[in-house]
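Protein chains: 2
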Amino acid sequence: MSIVVVGSVAYDTVETDHGSVTDALGGSACFFSLAARFFAPVSVVAVVGTDFKPEHQQLLADRNIDLRGLERREGKTFRWHGRYHEDMNRRDTLATDLNVFAEFAPVLLPDQRRADYLFLGNISPRLQQHVLSQVASPKIVAADTMNHWIENERAALMKMLGKLHILMLNDEEVRTLSGEHNLVKAGRAVLKMGPKTVLIKRGEYGVLQFSQESMFAVPAYPLEEVIDPTGAGDTFAGGVMGYLARNRRLNEAALRSAVVYGTVMASFVVERFSLDRLVTLTWEEVDRRYRSFIELTDSQHRRWTSRIRRD
Amino acid sequence: MSIVVVGSVAYDTVETDHGSVTDALGGSACFFSLAARFFAPVSVVAVVGTDFKPEHQQLLADRNIDLRGLERREGKTFRWHGRYHEDMNRRDTLATDLNVFAEFAPVLLPDQRRADYLFLGNISPRLQQHVLSQVASPKIVAADTMNHWIENERAALMKMLGKLHILMLNDEEVRTLSGEHNLVKAGRAVLKMGPKTVLIKRGEYGVLQFSQESMFAVPAYPLEEVIDPTGAGDTFAGGVMGYLARNRRLNEAALRSAVVYGTVMASFVVERFSLDRLVTLTWEEVDRRYRSFIELTDSQHRRWTSRIRRD
Numbered sequence: 000m001s002i003v004v005v006g007s008v009a010y011d012t013v014e015t016d017h018g019s020v021t022d023a024l025g026g027s028a029c030f031f032s033l034a035a036r037f038f039a040p041v042s043v044v045a046v047v048g049t050d051f052k053p054e055h056q057q058l059l060a061d062r063n064i065d066l067r068g069l070e071r072r073e074g075k076t077f078r079w080h081g082r083y084h085e086d087m088n089r090r091d092t093l094a095t096d097l098n099v100f101a102e103f104a105p106v107l108l109p110d111q112r113r114a115d116y117l118f119l120g121n122i123s124p125r126l127q128q129h130v131l132s133q134v135a136s137p138k139i140v141a142a143d144t145m146n147h148w149i150e151n152e153r154a155a156l157m158k159m160l161g162k163l164h165i166l167m168l169n170d171e172e173v174r175t176l177s178g179e180h181n182l183v184k185a186g187r188a189v190l191k192m193g194p195k196t197v198l199i200k201r202g203e204y205g206v207l208q209f210s211q212e213s214m215f216a217v218p219a220y221p222l223e224e225v226i227d228p229t230g231a232g233d234t235f236a237g238g239v240m241g242y243l244a245r246n247r248r249l250n251e252a253a254l255r256s257a258v259v260y261g262t263v264m265a266s267f268v269v270e271r272f273s274l275d276r277l278v279t280l281t282w283e284e285v286d287r288r289y290r291s292f293i294e295l296t297d298s299q300h301r302r303w304t305s306r307i308r309r310d
Numbered sequence: 000m001s002i003v004v005v006g007s008v009a010y011d012t013v014e015t016d017h018g019s020v021t022d023a024l025g026g027s028a029c030f031f032s033l034a035a036r037f038f039a040p041v042s043v044v045a046v047v048g049t050d051f052k053p054e055h056q057q058l059l060a061d062r063n064i065d066l067r068g069l070e071r072r073e074g075k076t077f078r079w080h081g082r083y084h085e086d087m088n089r090r091d092t093l094a095t096d097l098n099v100f101a102e103f104a105p106v107l108l109p110d111q112r113r114a115d116y117l118f119l120g121n122i123s124p125r126l127q128q129h130v131l132s133q134v135a136s137p138k139i140v141a142a143d144t145m146n147h148w149i150e151n152e153r154a155a156l157m158k159m160l161g162k163l164h165i166l167m168l169n170d171e172e173v174r175t176l177s178g179e180h181n182l183v184k185a186g187r188a189v190l191k192m193g194p195k196t197v198l199i200k201r202g203e204y205g206v207l208q209f210s211q212e213s214m215f216a217v218p219a220y221p222l223e224e225v226i227d228p229t230g231a232g233d234t235f236a237g238g239v240m241g242y243l244a245r246n247r248r249l250n251e252a253a254l255r256s257a258v259v260y261g262t263v264m265a266s267f268v269v270e271r272f273s274l275d276r277l278v279t280l281t282w283e284e285v286d287r288r289y290r291s292f293i294e295l296t297d298s299q300h301r302r303w304t305s306r307i308r309r310d
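Chains as they are written, first to last, in numbering that gives the first Met the number 0: chain A, 0 to 310; chain B, 0 to 310.
FYI, nobody ran anything at the bench for these hints, they're computed from the structure. Any given hint could be a false lead.
For identical chains, the list gives no copy identity; a pair is met inside one copy or between any two copies.
Unchecked claim - No farther apart than 20 Å at their CA atoms in a straight line, the calculated lysine to aspartate or glutamate pairs in the DMTMM-like style are these: (1) K184 to D86; (2) K184 to E270; (3) K191 to E223.
Required output: the full structure, derived from the provided sequences and hints.
Set out below in structure tokens:
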């Protein structure tokens with residue numbers, strides 16, 4: 000039930016109204032792993048430069064994240080610099096330095112090629128396809144993408160969509176991909192492009208889940224304060240894939256629980272800068288907030304009953 | 000279990016990307032009544048001019064809405080003219096002609112003074128207070144307001160808040176009233192001003208419900224097309240109060256069901272211009288969408304069970 004994640008490991012410089020951080024550990028593979036590890040073993044496929052700090056390597060390793068697939072290349076680690084607007088729903092990218100990430104050509108280890116669960120973080124669809132082709136018979140493949148790829152590598156992206164169990168993207172991206180402004184139309188249009196399930200991430204407005212047979216709408220966890228939204232989407236993905244890998248079955252009930260766990264994990268990461276909150280997070284806190292979320296979204300106000308299999 | 004509603008009866012001119020209507024029947028009292036009448040008898044307190052069309056009077060009367068409290072004054076009926084932006088979340092008011100509504104001084108009929116359920120639509124807090132003082136011992140009092148009153152009649156509004164069981168307002172209004180941008184902080188701050196429950200209407204993003212003991216978050220019903228959002232808030236209020244009047248008890252479970260019925264009623268009204276959809280709506284359609292909504296928001300993917308008392 001091990002999960003393989005391919006994505007970025009980055010140093011982020013982030014400015015919000017609450018302050019800023021410089022060269023903080025980030026990147027999709029880090030946020031994803033630190034969330035997914037609560038549910039199942041995670042193995043990373045990523046690249047860093049020679050400037051990647053040993054304490055960061057240690058931080059991930061200490062949390063049982065398998066880093067044998069973390070390639071170290073001559074050069075600098077990927078860097079991103081962004082600034083959030085006051086309402087935290089919008090941000091400006093001030094700088095993106097791909098550095099060693101520009102030549103990333105992931106080659107999976109023999110055991111990674113036998114993975115049952117694969118998450119293709121937001122990298123070029125050609126690289127996603129390259130990774131996917133190395134995995135023999137995955138049970139669940141999920142992917143993220145962004146407007147840059149939708150606009151510039153649409154053909155490669157479209158070719159990959161049919162191989163996905165789950166495509167996760169935000170409201171802006173699903174609109175770009177589908178050409179539909181309305182999210183219900185957009186979600187259904189993207190379903191027809193191949194993925195079995197489409198998850199539309201709406202930030203503070205929650206998630207819409209589309210499958211052939213059904214739709215699921217869930218609000219975000221209402222928070223009193225959002226410090227830094229960076230990585231919320233990848234953290235959500237970590238909760239979703241983590242739960243599915245632990246649960247092993249991919250049906251509507253499992254997907255819904257997975258989306259709630261993803262929502263819960265994302266609600267933690269935005270409480271602090273960078274991935275700080277995920278580092279101190281305990282399973283007891285996750286479990287408590289999951290229960291609290293079920294209660295606060297239950298329109299029938301029933302007593303809460305656990306569904307998670309603790310195997 | 001009869002509901003008294005005080006509010007506006009208006010002729011609306013509305014422009015959206017889907018077209019426009021001129022002098023269509025509208026106003027908070029109309030939207031509210033046409034939703035609430037599915038659950039309980041409704042009695043209107045409002046004013047119209049001599050231009051109010053007999054067919055509109057008939058339309059409401061035919062749907063069992065008690066119009067004995069609809070005063071007819073020399074002059075023209077209240078008129079509103081608005082234009083929605085492409086995304087339907089924002090609108091510009093192009094004209095507001097209060098006409099006879101400017102001198103509205105509601106006097107309730109003897110039986111209205113014995114009402115158990117009272118909805119104070121969006122009129123000046125002083126008028127709301129004036130109406131409230133005429134009702135002997137209401138079981139549930141709910142009110143709506145808007146930024147204009149929050150900014151210009153704050154003292155009168157604050158005085159009334161302590162007498163409310165439910166205050167309904169949108170995200171912008173709750174921010175103005177509380178001075179807090181974050182909706183959780185804003186909702187809790189407004190709770191301290193007096194109302195037992197605060198409902199924050201977020202349009203296509205759903206509703207947040209705050210009470211002393213608990214919080215409830217629910218998404219909007221995902222629609223493929225929104226034609227005209229006018230009246231959605233009052234229609235929501237009609238569903239909420241209608242359900243509570245029928246259910247008779249005001250506890251957390253009843254409030255949550257009421258919010259879902261409000262959400263369902265609002266999801267219908269935006270499907271057509273003005274109140275057209277409410278006019279053709281049947282209870283079977285309401286019931287079907289209620290079930291569908293419970294299913295599509297149930298994170299535990301349980302079988303649906305009815306809770307509504309059909310008394």
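Here's how the hints hold up against the structure:
1. K184 to D86: Result: close only across copies, 14 Å inter versus 27 Å intra.
2. K184 to E270: Answer is between: at 15 Å across copies they meet the 20 Å cutoff, but 32 Å inside does not.
3. K191 to E223: between (38 Å within a copy, 16 Å between copies)
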